[in-house]
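J.: Use the sequences and the hints to build the structure in full.
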Amino acid sequence: MHRFMNKSSMWLLTCALMMVAVARTFLHGQGELFKHSKDLPEILHLVDRAYVDEVQLETLLPGLYQGALNGLDENASYVPPGMTPVNRDDEVYLRTGMVVRKRLGHAYVMQVAPESPAANTQILPETYLREINGSVTREMSLVAVRQAILENETLVRLKVIDPGKTEDREVELHPATFGQTKMQHQAYGDGLHLVRIPQFYDGLELDLRKALNQTREAASKADRNPRFVLDLRNNARGNRRHFKMLVALFLPAGDLGAWVAKGREPIPVRNETAGAFADLDLFVLHNRGTSGAAEWFTAIARDRKAAVTLGIETLGMPPVYGWVQLKNGAHLEIPIADLELSSKETLTKNGVKPDVAVKKDVKGEGDDAEPKVESAEDYLARALEAVRSYRAESAPAPAQEALPKAG
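If you count by mature numbering (1 follows the signal peptide of the UniProt record, and there is no 0), then the sequence shown holds residues -23 to -1, 1 to 384, one letter each, in order.
Check before you lean on any hint, since a few could be wrong.
Said to hold, decoys possible - Result set (DSS-like, lysine-lysine): computed pairs, CA atoms no more than 27 Å apart in a straight line:
no. : residue 1 : residue 2
1   : Lys349    : Lys136
2   : Lys187    : Lys198
3   : Lys142    : Lys349
4   : Lys187    : Lys282
5   : Lys282    : Lys349
6   : Lys330    : Lys349
7   : Lys221    : Lys159
8   : Lys221    : Lys326
9   : Lys239    : Lys221
Calculated from the structure, these hints are not laboratory results.
T.: This is the structure:
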């Protein structure tokens, strides 16, 4: 390793090994750390001996850092020395209307705010961003993706793959401020009530309580038990405050789960008293874009059998990220806590599986033509029909499936 093993390089290699140690120890412990990092010096030696051009170790380190993190969690990021470690997720949302994560290597849109710049360019949830201003997102950390989106205040050039499509298209996104979208309450004549919460906002609890009280009043007049559907699809920005609000409204009294982190005592998730609306016949509609507070609530509600969940399995992304500083001045943004359910299962990578699967109807899969995904209206209609036809069993088994209508 004579070509790049000077004193400075040895120090950088030490930092790299420390980075692998920190990241692996956070999620796997020392045994895993040794197993996965012991071959690193040999890899560097082979590069030094066999690569056609002379290689400086400093040129390998950024990829080494990010590659190690990608093996743990593709949404984890390495921020090199000299760069300020800032999570700019909120900035991206407030300027574009998108909540962006990494999935299958590329940037992935979890949520799109209605009437936002992203919505105005027909960007939908579950869209992949292949390129941002000419840079391929597969080669970028999540921190770099956010920075690229915010780099130009007036124009972001994107190549996107729409849901259900295989070919990309070019999009010119013009960042701008936009208004928030409040929850929508829709009452059906058969006792079914639907509340859509596309995003959390100040004042949501008051709006939600109003809708819930209206549901109760209508049920009392009709002398029947209503079915209340909470639509949390593509809601990915909620924080712990929003999570506590939903828990306090809908879930029973008692210990519901805990926030767990290595080296720290678990922080219980607990309701001292039953939620004011814990007696409602609650259904939660979710999909891959259900993340943050919406996913945490859905997971605990299902775990405690306080709600019937339906829709599409969530992604189970780590709920809490934090910054860890390395001795060389670099920073890592990695998962530092997880939500543990009363079943002792954690949310990360497990996600929430629906009690009733309502899959998207895709016509023409396998044909030469582009497959056609059913409209949002048709999908919602099928989901609500699944709620109407649901029959509770003494021991719920998540095997039911709402099938597309024939024809």
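J.: Now tell me, hint by hint, if it's right for this structure.
T.: Here is how each hint holds up against the structure:
This hinted pair checks out: Lys349 and Lys136 have alpha carbons roughly 20 Å apart, not beyond 27 Å. Simply put, Lys187 and Lys198 have alpha-carbon atoms about 17 Å apart, close enough for the 27 Å limit, and the pair holds. Under the criterion of a C-alpha separation no larger than 27 Å, the hint pairing Lys142 with Lys349 is consistent with the structure, at around 8 Å. Pair hint Lys187 plus Lys282 holds up; C-alpha atoms about 24 Å apart against a cutoff of 27 Å.
A hinted pair counts as satisfied when its Cα atoms are at most 27 Å apart, and Lys282 with Lys349 does not qualify at roughly 35 Å. Between Lys330 and Lys349 the CA atoms are separated by roughly 25 Å; this keeps the pair inside 27 Å, and the hint holds. Of the supplied pair hints, the one linking Lys221 and Lys159 holds, its CA atoms being roughly 19 Å apart against a limit of 27 Å. Annotation: proposed proximity of Lys221 to Lys326 holds, straight-line Cα distance about 22 Å (limit 27 Å).
Only pairs whose Cα atoms come within 27 Å are accepted, and Lys239 paired with Lys221 is accepted, the gap being roughly 23 Å.
Figure legend: structure checked against the earlier numbered hints; the only hint not met is number 5.
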